[in-house]
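Novice: What follows is each chain in one-letter form.
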Amino acid sequence: MPGDHEITELLERWGAGDQQALDRLMPCIYDELKRVAGGYLRGERPGHTLQPTALVHEAYLRMVHLHSPKIENRKHFLVLAAQAMRRVLVDHARRHNAAKRDSQLLPPDSGLVIQPNLDFDVVALDDALNRLAEFDPEKGRIVELRYFAGLSVGETADVVGRSPATVKREWAVAKAWLYRQLNGEVPNDSPSMG
Amino acid sequence: MIRHQWGEVDSILKFALEMPESEQDAWIARECEGRPELRAEVESLLRAHRSAETFLEPHTHTNEGRRIGPYLLVEEIGAGGMGAVYRARREDENFRQEVAVKLMRASLEIRPEAIRLFLEERQILAALAHPNIARLLDGGYTSEGMPYIVMEYVAGTPITEYCARNDLDLKARLRLFLQLATGVQFAHQHLVIHRDIKPANVLVTGEGTPKLLDFGIAKLLDPEAASAETTLRLLTPDYASPEQVRGTAMTTASDVYSLGVLLYELVAGRRPYQLVDTPLDQAVETICVTDPAPPSAVSQDVPEDLDAIVIKALRKEPASRYLSVREFAEDIDRYLGFRPVLARQGSYRYVARKFVRRHRAGVATAAVACIFLAASAALVIRESQVARFERDRAQRRFNEVRRLAHSVIFDLEDKIAALPGSTPVRKELIVSAIGYVDGLAKEAAGDPGLQQELAEAYMRIGAVQGGGNENLGDPQGALASFQTAEHIARSLVATQPSFGARKLLIETLRDVGHVYNQTNDRAKAEQYGKETLALARDLQKQYPLNEDAETLLANSLYDMAALTRDSQSLAYRLSALPIQEELLRAKPSDPVRQRNAALINKFIAGYWLIVDSDRAFPYLQRAMALDEARLANDPRAQGAKLDLSFDYSQFGEYYFDKHDLPTAIGYQRKTLAIRRDLAASDPKDVWKQERLAYSLTSTADLLIHTHDYQAALANLDESRRMSERLGISDRGRMEDYARTLEDTGEANRAIGNEQAACEQFSKARDLYRKLGYSPSNPTVPRAAEVEKDLATCAR
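If you read the protein sequences in the order shown, they are chains A and B. Final position of the first sequence in my numbering is 194; the numbers increase by one with none missing. Final position of the second sequence in my numbering is 795; the numbers increase by one with none missing.
It is possible that some hints are incorrect.
Claimed, not checked - Computed list of lysine-lysine pairs in DSSO-like fashion (alpha-carbon distance at most 30 Å, straight line):
| # | chain 1 | residue 1 | chain 2 | residue 2 |
| --- | --- | --- | --- | --- |
| 1 | B | Lys316 | A | Lys75 |
| 2 | A | Lys139 | B | Lys14 |
| 3 | A | Lys168 | B | Lys14 |
Don't read these hints as lab results, they were simulated from the structure.
Here chain A stands alone, though its shape is the one from the complex (with noise of 0.2 Å):
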């Protein structure tokens, strides 16, 4: 892991569009969200569903700690969070999913039962997320914001630097398109090709 100050100017450079600085942050930030998402998704807060806001506040207040006070500012975290969270959440379920499948494998007692309160297969969210983003990039992060970081409307506009009106809009397509694709409802002349 970098340290404080490799951290400022990994994101520094991120800033200014160095996108090898972003393999480098990434998994500092993955670890702390792993860690701090360990708990829900291992079940020891029981009842609790999956709260991505939650979460990625928590995972932030404790990197402003650990790199205090050099972090750079919260738009960056939260795109690095977001897609973090992503991977976070569908680790898991591979994980789980392959668990389930061979449940001889898991010790009696590891823990691993509980999953997010989903009505879909994240795996093939993730999937499909990426089809879209191969076509529309920018739909791709706002559903990353707002689904994986769990950011409203108004702070993902904030963060794409687009009006709240766009990101709404943006946003009710990208989830049309998702929603026909994992609901099996897919025409032969889906747009994902090009």
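Once you have looked at the hints, place chain B on chain A.
Specialist: What follows is chain B alone, placed relative to chain A:
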């Protein structure tokens, strides 16, 4: 479909979604005329959109439209960590009322802790009946048994907006602020700190009454809610005090600060700092370091006195601010009455000028000399008033700080201690509180009540440092804290041997003895143990029916048992057992008594497991039943889980002794599962890590007996790594580590890995020697065994 069409699909759909549903189809048909593929795609997505209303949207569990008791929930108007607030209507035949109903989140329902906190908020609110605080009207339980709170619904405007909209002049703004201050002061008198005073939480009603809302985070300690809220406030820190953004202890002075920011905004028209979009670190620095410009620098109409008042409320150091909201309000009141404000006291010319202004009519007809006379007389009077005021204030401050410190050390600590991973937070909390109490103790050396509190506070901190079950692994620090407590207790008993003081002394002696025992200073531990037992016997003789005295005696016997061996130890325990079981019968569901009774049973079982395992069985069963009952009462109790893991581990030993290996392994795995959980939930708690390492080795022991060497080695490797990470720093760990190495050697030898085996054996032998165990010592059979193991190794 080709890619460039997605842009068209996207924009047609967006347009369609902006119009009424009835017009959408026609519009799409027109836009896509002659292009059936495009039309099919847009229509398909539109259908998806219509079914996707709740898809990917946060689970809101909205209760809008629901009826709870006589209340109809109309709309959600706010949501916090624990619940949501609804605007609701009470409708009777001839009576209609708007109220706010706060409901707990349904998902929290299985957490008794959350319910308790929610009920606590209800209690806080019930105590806060004040015209400037949104008041509690009713409360009850929903049909599912969830508690709810009914509060006054304040249909109002945030105070800043209210002032702007009604174009209030300075005086009117100050009067409004003063009303609010009485509400905050009232809350403080009830030991409630609001912690989130900002315009959104101060609504002014149509009649012009300001009302303070939202005590949701006032004193609630729901860990999730609190952290989320803290973060949110960190993200918009405009009204947060330096101590708040730093995350250090908050007091009533923090509310004074937030009120100061609010007042600044009310008089100057903007906040002292512009923090919107400021990176957090800069915001924190600004709040903690930069002095704000006086309000008059922003708005020229602000008089100097108000400048001084606002600046005093906004001081970085809590102690330099107004010491209470009342004092703050009184100063504003002085300003309004043309009297000298405290914020500027000390300037003679200033005081004289004020005097002149206040007595303008009189001054006009008086001689100049008279003015000076009068002015100096006024000063004399003022001085004696100040002295009295200072004394009263000191007393008030003293009581206030003492109450706060007390609540931090005792109430908050208890709540936090129950949460996993909380050890470092607890230490910080206690250290800051102890700072307060310590300062007070110097001021009031002769106050036995305070001395007692101080000793108790030191005992708490010692427990967090290294004395308790969940600690930071700092026995030296713990010893110092406990000895400070002991010292205070001894002098208390010397001056006034009350029951309370004697009890306190016994408790502190026990704590000190425990640390000596823990750090293997046996002689000291025994010396303390004996003194404790003697004092406890005396006390119990003098107060034979007193449960506290009985408890102390049982505990002292129990301590002595831990310091002695074999049959002597058993004797102490057997004499403690009836006392402990008797105490439990008096309060069968008291978790502490359950635990103590379980512990004694456990240790007696431990003795019999070695000597005659059949006799161990009933004690084992009793211990397990007690621990299970305790855990059932509070499924989150970490201590109970750990205790239960010891029972399982003992059953493992029992069945091993009975040659029932599968059952034995089953119990060891149960032990392991619990300890893995505990160790993961609080990685900083060295004791839990240590116990996990131990349990891994014990399980491996059994696995070796069943010839499952690979599984054994996996456990042993993990155990070894854990021990190495923790450091092989004391005798207990050294012994455990040696055992792990020895088992590793055995398993390696069994799978033919002779070289590794011999390396492990020789390391184990070195450790046993370091511990001073010789092969001829019959109490350490392992030391002899490892020599035998090594005998076949090549030199």
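Novice: Would you pick out the hints that fail for this structure and give their numbers low to high?
Specialist: none
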